[in-house]
Amino acid sequence: MTVFVLREIAQASGGRVVGDPERRVRGVAPLRDAGSDELGLVADPRYIREVEDSRAGALLVAASLESHLESDSRPRVVVEDPHAAMLPLLEALDPTPSYAPGVHPTAVIERGVEIGPEVSVGPYAVLEEGAEIGAGTRIGAHCVVGRGARIGERGHLHPHVVLYPNTFLGDDVVLHSGARVGVDGFGYVFEGGRYRKVPQVGRVKAGDGVEIGANTVVDRGSIGDTRLGDGTKLDNLIQIGHNTRIGDHVVMAAQCGISGSTTIEDYVQMGGQAASTGHLTIGKGSRLSPRGTPISDVPPGSTLMGYPARDQKEHMRIYAAQGKLPDLIRKVRRLERELEELRAAVQAGDAPRE
Amino acid sequence: MTVFVLREIAQASGGRVVGDPERRVRGVAPLRDAGSDELGLVADPRYIREVEDSRAGALLVAASLESHLESDSRPRVVVEDPHAAMLPLLEALDPTPSYAPGVHPTAVIERGVEIGPEVSVGPYAVLEEGAEIGAGTRIGAHCVVGRGARIGERGHLHPHVVLYPNTFLGDDVVLHSGARVGVDGFGYVFEGGRYRKVPQVGRVKAGDGVEIGANTVVDRGSIGDTRLGDGTKLDNLIQIGHNTRIGDHVVMAAQCGISGSTTIEDYVQMGGQAASTGHLTIGKGSRLSPRGTPISDVPPGSTLMGYPARDQKEHMRIYAAQGKLPDLIRKVRRLERELEELRAAVQAGDAPRE
Amino acid sequence: MTVFVLREIAQASGGRVVGDPERRVRGVAPLRDAGSDELGLVADPRYIREVEDSRAGALLVAASLESHLESDSRPRVVVEDPHAAMLPLLEALDPTPSYAPGVHPTAVIERGVEIGPEVSVGPYAVLEEGAEIGAGTRIGAHCVVGRGARIGERGHLHPHVVLYPNTFLGDDVVLHSGARVGVDGFGYVFEGGRYRKVPQVGRVKAGDGVEIGANTVVDRGSIGDTRLGDGTKLDNLIQIGHNTRIGDHVVMAAQCGISGSTTIEDYVQMGGQAASTGHLTIGKGSRLSPRGTPISDVPPGSTLMGYPARDQKEHMRIYAAQGKLPDLIRKVRRLERELEELRAAVQAGDAPRE
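Chains as they are written, first to last, in my numbering: chain A, 1 to 354; chain B, 1001 to 1354; chain C, 2001 to 2354.
Source of the hints: derived by calculation from the structure; they are not laboratory data. Quick caveat: nothing in here was measured; it's all calculated off a predicted structure. Each residue gets a CB set at the ideal place from its N, CA and C atoms; glycine is no exception. Treat the hints with caution; some may be incorrect.
What the hints assert, rightly or not - List of simulated lysine-lysine pairs, DSSO-like, C-alpha gap at most 27 Å: (1) B/LYS1324 to A/LYS331; (2) B/LYS1313 to A/LYS324; (3) A/LYS324 to C/LYS2324; (4) A/LYS324 to B/LYS1331; (5) B/LYS1324 to A/LYS324; (6) C/LYS2284 to C/LYS2205; (7) A/LYS284 to B/LYS1313; (8) B/LYS1205 to C/LYS2324; (9) C/LYS2197 to B/LYS1324; (10) A/LYS331 to C/LYS2324; (11) C/LYS2331 to A/LYS331; (12) B/LYS1313 to B/LYS1331; (13) B/LYS1313 to A/LYS313; (14) B/LYS1197 to A/LYS205; (15) C/LYS2324 to B/LYS1313; (16) A/LYS313 to C/LYS2331; (17) B/LYS1331 to A/LYS331; (18) C/LYS2324 to B/LYS1324; (19) A/LYS313 to B/LYS1284; (20) C/LYS2205 to A/LYS197; (21) B/LYS1331 to C/LYS2313; (22) C/LYS2324 to B/LYS1331; (23) B/LYS1205 to A/LYS331; (24) C/LYS2197 to B/LYS1313; (25) A/LYS313 to C/LYS2313; (26) B/LYS1324 to C/LYS2331; (27) C/LYS2284 to A/LYS313; (28) A/LYS324 to C/LYS2331; (29) C/LYS2197 to B/LYS1284; (30) C/LYS2284 to A/LYS324.
Unchecked claim - DEER-style ranges, computed between Cβ atoms: (31) C/GLU2129 to B/ARG1016: 37 to 43 Å; (32) C/GLU2314 to A/SER296: 17 to 23 Å; (33) A/GLY193 to C/GLY2116: 25 to 31 Å; (34) A/ALA84 to B/ALA1320: 33 to 39 Å; (35) A/TYR99 to C/GLY2112: 15 to 21 Å; (36) C/GLY2112 to A/SER296: 19 to 25 Å; (37) A/ARG337 to C/GLY2323: 39 to 45 Å; (38) A/GLY301 to C/GLY2014: 43 to 49 Å; (39) B/GLU1114 to A/SER296: 55 to 61 Å.
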């Protein structure tokens, strides 16, 4: 079992120890979960109130919050950024199992498949004709890699991923269970009272370092390709429509939905359930709040909310104003009445009765 | 084939028969579906108009609706609560197949797996090293139970469920096809222009009696655990973020999305596509309308709608007021003009022209 | 490799060639993707600006846009409707692999299964007891066809589809990876502080020509059936609740969610993330904008937006008016003040100071 010493954690993160520097811990946890052999995390003022009742044996504390802990006698490591300080611990504790290279005897490997060195292929995986798997890539149980699909080096497909034929993934990609990549886009022409399918002849091309969440779906291009840039991270249950172009280092939270032929430039960030209508461009570095949905081009660096999406500050001003709307209607009704009364009084030559 | 007699149905449900008590039926169905050998269900006033055209051979009628059926000559069972009266019939008719215990010869059972008595493991299931399956649990075709994962007794995993390593499920759980439990949470730090993955070292712990819908995803904790309390029911296509704490007997309709580190207390009810931003608490027994999404703590017993969510009655008052907004803008414009005219008239010493 | 000649493309689509009619191309692509051996598609004025920089060797041009291309020297095919003109090319290029008929030796075929002629069953597929597969249908790798389920002729189940027991699909259906059809509906009665499951004893019945997207879920009826009419197309990640009746030739974009017992009539169109609350009817030919969600019956031919959904034009009028709301509140406050001042002036017998 991995064990860490407070002194080492402080050294690695440029922090300092208060209390016994040789204290041993086996991990880090939120205050309400941490046990006596763990560091409790004190990184956010919202959780200060949980310190006292926490069973944590030691604390990992943001320097900005240390003043709240004066009465606490537990040993602690004080650092500028506790989340950064945690990273080496977490990397040592990562539960993602390592697998020995090799092809499980139950895997189906069709003809013309190319498998690089140090590749692992799990039970019941199916690699269709002409698929290529780069060095060091791990294919989980039951994955299906369609005809002619290509995966780069050091990738990891968790169990139950399906790549449709001709999908192209770069190096260092991670795909979670149930991800479906290269699916037919939703394209029909309406003829004679029924929908006729438009064959979808494009592909998906994903860059290096892409991560695709569980049960997320990426459609292939109708003509031309759907693209995901380098370092882009998609959370779970997302829909990416056909011919979408997503740039580098884009992050989308769960359940986002991108309509066809949208262009999303580099470094865009989208909150959960955010979306985009099709055939528009979301400019570099823009941020969409949860459920934010633009219906026209978005300039670079925008921060948007609502549907149709507006500037977030304007949206929240309108939202606050809406709370006053029922009262406003009453006020206008009263103004109309009072104005009428005043006019009548003026016409009659009288001062109005108050 | 199962056959029921009206007299028995009435006895079991504390109801009474009008017409032939020995009439036999083989099931119960909505009025528009029911055949001559079935009970047509009359439980909701919306469906009274369908009674006349229904081919149902007999009726199962709420006492409160019986007065609408005076002219109908079919035998009927009249009960206080038709839905409760149906339950024993439905349990007798449940089509979920039973399987004989046993491990299918194609299942992959790695070393150190513990399988209790009366367990059924379907074709092509993969139980990774150290997994534990409690007595009477059924594992469907193609399920993957990750390393060290544990499932309690009498559980049912439908085909194509994936449990990531170290997932912990209680007794009497039901997981539908495509459920993914214990998936990496969506956690990155932004460094040098790119996102670096924060290893997710926590687990998912689900209590007894939990049901998880088809293609729903539950992320494991980043540090510490994601928890689902006893008796909690999640519908299909839901996203549960890392470190979420969901209490007992919570129900969520399809496509809900819960951001990370949210606390959802016991007996909360969420409508379809409802959501929550992260790091907040939704108090005991609260109800979120479809798509309702709070952005701050919710007191127990609240009923909320909209995003950011407001009290439902207030939300609907605002919604109704919005319908008057275009007209209100015109009224204010007219008021401004009329006030100006009146002022001008007063200044000129004249009464205004009407 | 398939090769097309401009003259033939023009003949097949009733168009005309400008430039070399014998020019050969191997496909059609968006302007930004097209290579020197491909037609660049010029079908939408938004993309005119991309013509100049496109590497396309030839162009497929809508007649209405030809005037924008006077200075372009590339050979082109000019047609009324470029999308219709593309269809024969795309059908020739369709990458969906054809499979030879036959049952893969790893497929599990339980007793009583009926398999028609020219059927293909992929690796690790599981056909449970009594399943029926019509002539010419293709079952992808790892699909599970539950007990007593029936699929018509010429169907295509992509890998990883699960049909729960007794599901009934017509002819010419296409189901994408991760589709789950016939899942238990979400039905419970609340008794003694906990939710008791109501057995779901109905089925799913889908007509001919239905397409169901990747990771979409269709629940079976609680009592009676969930129905999908002929020619209906569901995109990815959609939820269809129990006892929903969906008519013929309905199209739903990704991530729609339909609550239980909803009736959706023929030719309804729903945008992405649109939804419906339960027990209502959406009339024939109605259109819901993305995220549009009615809460009461919708007359045929309606076009709705928002939640609760309103007529789209009215919704957009209200949306525009909301932008003026913060300003309107200020105006009303000023009107109140000015009216008060005017009244005071009139009462005092003075003209107000301007």
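For this session: Enumerate the violated hints, using their earlier numbering and listing them in ascending order.
Result: Result: hints 7, 8, 9, 19, 23, 24, 27, 30, 34, 35, 36 and 37 break, sorted rising.
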